[in-house]
Amino acid sequence: MKASNLTTSISFFLNAQHIKVAVSPETTALGLIRNELGKRGTKESCSEGDCGACTIAAGELSDGKLNYRAINSCLWPAIRLHGKHIITIEGLSQGEELNLIQEQMLEHHATQCGYCTPGIIMSLFCLFTRKQSPNKQDIVQALEGNLCRCTGYQPILSAAQSITELLIGKKHTNANHILPGYVSEIESKLVSHSEPIKVIETNAFQGRDIHGYYVPRTLEELHTCMDKFGDPERYRIVSGGTDLMVDININRNFPENIIDISEIDDLSAIRIKQDSISIGSGVTLTSIIEHPGIREKLPILRETLLLVGSEQIRNMATLAGNIANASPIADGVVALLGLDADVTLLSKNGRRNVKLSDFFIDYKQTDLQTGEILGEIHIPIQEGFFNFEKSSKRQAVDIATVNSFCYLKEDSGLISDCRFVFGGMDKTVRLAESCRPVVQGKKLDDRLILKCAEAAVKEFEPISDVRGSADYRRQLVENHIVKHLHKFLSINE
Amino acid sequence: MKEYKILNTRAPRVDANDKVTGKAKYTDDLAMPGMLYGAILHSPQAHAKIISIDTTAAENLTGVFAVITHKDAHKVSFGVSPARYDEYVLAREKVRYVGDEIAAVAAATPEVARQALDLIQVEFEELDPVFDARQAMAEGAPELHEKYQQNIVQQVHWHFGDVEAVRQKADIIRTDSLTSKMQDAAFMEPQCALANYDDRGYLTMYSSTQAPHYVQRTLAMALRIPLHKVRVVKPAVGGGFGPKASCSSMELITCLLAMKTGKPVKTTFDREQVFLHSRARHQFFHKMTTGVQKDGTLVFLEHECTLDGGAYCSFGIATVYYAGSLLGGPYRLENMKYDGYRVVTNKPACGAQRGHGAVIARALFEVQLDRIAEELNMDPIELRLKNVREAGETTCNELYLSSFGMKEALEAVRDSAAWKQKRKDQPRGKGIGAACGFFVSGAGYPIYNSATYHATVITKLSEVGGGVIVESGAADIGQGSDTMLAMITAEVLGIPLDDVKVISGDSDLAVDLGAYSSRTTLMAGAAAKEAAESVKRQILEVVAAKTGAACDDLDIQDAEIVWSKGDLDIDQIRHDHRLEHRNFSGIPLSGRLTFGEASRMAFLERGSIVGTGKYKPPVLGGSFKGAAVGTSPAFGCSAQVAEVTVDLETGEVTVNKITGAHDCGFAINRTQVEGQMEGSIMMGMGEALMEEIKFDDCGRILNANLAEYKIPTSLDVPPLEAIIIESNEPNGPFGAKEVGEGAIMPTIPAILNAIYDATNVRLDELPATPERIRAALRLKDKGK
Ligand SMILES: Cc1cc2nc3c(=O)[nH]c(=O)nc-3n(C[C@H](O)[C@H](O)[C@H](O)COP(=O)(O)OP(=O)(O)OC[C@H]3O[C@@H](n4cnc5c(N)ncnc54)[C@H](O)[C@@H]3O)c2cc1C
Ligand code: FES
Ligand code: FES
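Residue numbers (this note's numbering), protein chains in the order written: chain E, 1 to 493; chain A, 494 to 1277.
Treat the hints as calculated values from the structure; they're not laboratory data.
Careful: at least some of the hints might be erroneous.
In silico lysine-lysine, BS3-like type, Cα no more than 30 Å apart, as pairs [as the list claims (entries may be wrong)]:
1. E/Lys487 to A/Lys662
2. A/Lys1187 to A/Lys1150
3. A/Lys923 to E/Lys487
4. E/Lys136 to A/Lys780
5. A/Lys1275 to E/Lys451
6. E/Lys451 to A/Lys923
7. E/Lys458 to A/Lys1273
8. E/Lys364 to A/Lys1187
Generate the whole structure from the sequences, applying the supplied hints.
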């Protein structure tokens, strides 16, 4: 890994064009595309993943075919564009001829001010490259990360609906295609594409920019890299980047160096075993959600993760990031604690396994030691009842006020095991310990449910903040317990 | 109704192609050679004296071209209403909210500009702040501006009819109150301005504004430049909804930086700055006492309102008047008393936002009507139907309703939503509610005192024949006014929409007061109609002279000249035209004289053919103080029915459906009318259920981002049914009037009334978050 001054250039395809360009570590994909490459169709509106105006399609080869995912380009370091095929709004129409999505958006008056429109079209584009006939829910899910203040969404949803109908009916309009013609050519070119980037460094570190951006490809390289800096204050690990990049963009907390672990093959696997599932720390939430083994063996994880952020966020974010970020309200953490997961921490000296319930020490503090990263998450496959609840103000892209998870096991009508986990109630996500003695060995009924709720409420001393007052949070705890247990009863009836 | 070729259709927007291909250029998409980047230092203090500002270190930073403070600006105050100018380009002497602009930098890159800001040292002497409007009015409260005693910017004391005299006639008298929170317009495009000051002293600013005209005037005034040397151009704008309707400090600062450096300068707000600058929805504290007779006849309304408007006046005078005046309709209410107070506090300044001033007043009044209906054991829609006004009536505050489809709108939503049945049959937790709304179709008077035309349009035939260019100052900010202007022009001229090109939003082209008060279709539309008619007359005069036909017997249809007496003899004309256009494509060989040929002929005969149109409302309103606010050449009205499900455990509300009917007079473009209705409804839904700016104890916004300031997403959108009512407004072009803002009026109260129907709890504070509903449910349970 050699250092160089801004000379490292990345190489990728942007629409039909091959791009080779020098980037600095703090440049975002959005900044590069808009400012340096002059593609101004992609918009910036929030810089923190909330609005989707900056959505681009990021294509990666899988089995020789390009697979496109919607990405918030404001949250992607530009370096991540390397080796990808990026499609922006400019890449959809060919000459005068509109892409089918553009044409239907136009016909349905699904654009008013138009500021959200490129992002919305790119989200729909990614949807339609994967699904010819998405249902209403697929459409809404693809669009939940794109805000539009003008249209009320209805015409956008109608446009999407009619695209589906046109695709199913194979009806010919002037623009009956989704994938631009140049895609197949790029598929073949990408196969023999350039060397992976390993490092981008500048000498300009002044606390306002990032000195080095490292992309180790193996664990060994990773450890060497971490060793080089020693002091963990000198670098930040980035996985999906959805927490870290917000910190950089909004709080302007520039780390001296970034170590990007997303290219380490050893961290990118999901392994389904007889009695457990292991998820590498580089796996995106979308990959977990779409994994057939998870769908079969651990549907609750899929359901929970579908409630995290938006389609774009899930396409970038990882479960490991959700854990390592140690937010007291992280949805993934709530589910994993409820599922009794443990994590493998890796360092050059080896590995150690830690129960997730022991991993969180204090607010935003974990058991991760210097030189360690979170390598893998292990979830036991268990029989029983699982349920996740999330209370937030709106239905999508919303951090919860309170979230919770419930696991129950029943033996001949009596509760034989249980776990109740709450987020948003303390400095870390944690188990509500006092529920167990209330229900363990008992038969669940309305009276017991209330007692259990009472116990849970008593256990927490929540704070008041923007998302809700302490009092409201307590009420939510009660509601959640009631909801979990009523669901359990209704299933077991 | 007359048959139209273009109007009343669902023609695609003229700018849609550019918008779906990403080609539309917004201000931040523009760049100029040598351009610098502007950045603004905002106050971290809510209320403080500025002791000193040291910019030395910032000036010495490499890449910095200028650092400015108030010392670099003229001491000229500005604002919205000339009588209440209370802002300076950069803060003088003191700062009044967290976010007030103190200094600014122009630098080679945005990053350097930001670094330079960090190097500016400001010394403050803290002053006591005041964050609550009622406290701000109290004796001994900290004073924000010398000129506002008790921090009151404007008071209104209106009394129409005689409330005291009729009080006895009321069988039921109810008093209710409702408090809202400051809200944000949350348009998708953060404000941006790009200014260039050339060697001849001409200033050009591209800006994401809703009102190029007012911005032009403010720039000229505050920067001391002759008006004619200031040009404001509005590129594509990514939504405005009100906050972009006045000149901002950021625009002035950007110009000042351009003037100081002699280089183009661009400043772009980040999302936090959008919240800090605000100029969005005020916080309202309403209290209303309404009297009715047993049969439901409204007798009187006594209304008190305090508006927390943050640190400066902005649109505040208009806001406090609107909050009272727009309750004059849509009901027959002959006795109305209103006491309004617009107050300053140490928070970001509020201004106009969709449904200016009237939204929360409407919400409380419509909620109160439902409570009254309940007491009277009357159906809420019947109660409303009993009281609604009709066309030809004048309200107690002298607003004349030249067209008024209120009754039709109410009946339409009642029937379409199966109101009667759902009202009866729904279980607890499910509810249905209705409400009406009433709004101006263009402010009757400009913001500054003037006899100016409100809109002018210049329509020009392309000299080579065939095309038409419409030049207007109107600001298309997404609402679709360019399409409206093109459709009206094409209809009048009998040509396809594609042959009309609209150039707009440029203060050099024509005058237009801007996109606010739902005025553009009525006013700019009327001017465009007149301009197109003039052009048409000129063409036909030339055709008449050339062919000997009488002008009155000629018309243009489908881009051809039609003579009601038969076929014109055009052989010579066509021959000449073909000769002139040898080797051109599309030159007609047979058939009627085309619009293109006629246009060319008109040019050859008379030179450039230009038609002008203008619009100014007639003198409107009463003679009482403040009578001007609320006047309008026409009034839009609407009714909505909301259906909701409330989770009685968590207080979460799901809106299942909203049925809305709006009287827009005549739909120039049907889909665009529906689009405005749907957009309004969703914004109203957000305001009703989730939107709320939160502050900490020091006046800092806690949720200045789109993560914690929630607006609805595609997951929140219920089925929306938009019903268009067309009452044919005599004062509007082709009968058209507003839809842009009026359609938001009923949404909040319809939802609140539905929540009550579902839960039997009333809220006196907005938004109706799960937390508030849950608390109200608990309170009610305890009461039992
Ligand atoms: C718009 C938006 C919406 C969101 N919505 C939700 C939501 O609904 N629910 C929710 O729970 N979260 C939400 N988040 C937060 C975030 O997306 C999740 O926490 C996500 O899982 C983080 O994963 P990541 O890979 O992107 O993390 P990163 O940003 O890459 O990393 C997060 C932190 O963990 C550290 N880190 C990452 N990987 C490792 C590792 N392997 N070893 C050691 N340290 C590591 C990083 O240094 C960093 O400090 C949202 C974020 C955004 C921007
Ligand atoms: S700019 Fe809003 S998500 Fe990227
Ligand atoms: S069209 Fe304006 S934000 Fe979507």
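Structure-based check of all given hints:
1. With a C-alpha separation of about 55 Å, the suggested pair E/Lys487 and A/Lys662 falls outside the 30 Å cut-off, and the hint is violated.
2. Note on A/Lys1187 and A/Lys1150: the hinted pairing holds, with a Cα-Cα distance of about 29 Å set against a maximum of 30 Å.
3. The straight-line distance between the Cα atoms of A/Lys923 and E/Lys487 is roughly 21 Å, inside the 30 Å bound, and the hint therefore holds.
4. Between the alpha carbons of E/Lys136 and A/Lys780 the distance comes to roughly 43 Å, so the proposed pair goes past 30 Å and is violated.
5. Taking the CA atoms of A/Lys1275 and E/Lys451, the gap is about 20 Å. The hint holds against a cut of 30 Å.
6. Only pairs whose Cα atoms come within 30 Å are accepted, and E/Lys451 paired with A/Lys923 is accepted, the gap being roughly 29 Å.
7. As the CA atoms of E/Lys458 and A/Lys1273 are separated by approximately 23 Å, the hinted pair is consistent with the 30 Å bound.
8. Using a Cα cut-off of 30 Å, the hinted pair E/Lys364 and A/Lys1187 holds, with the two alpha carbons roughly 24 Å apart.
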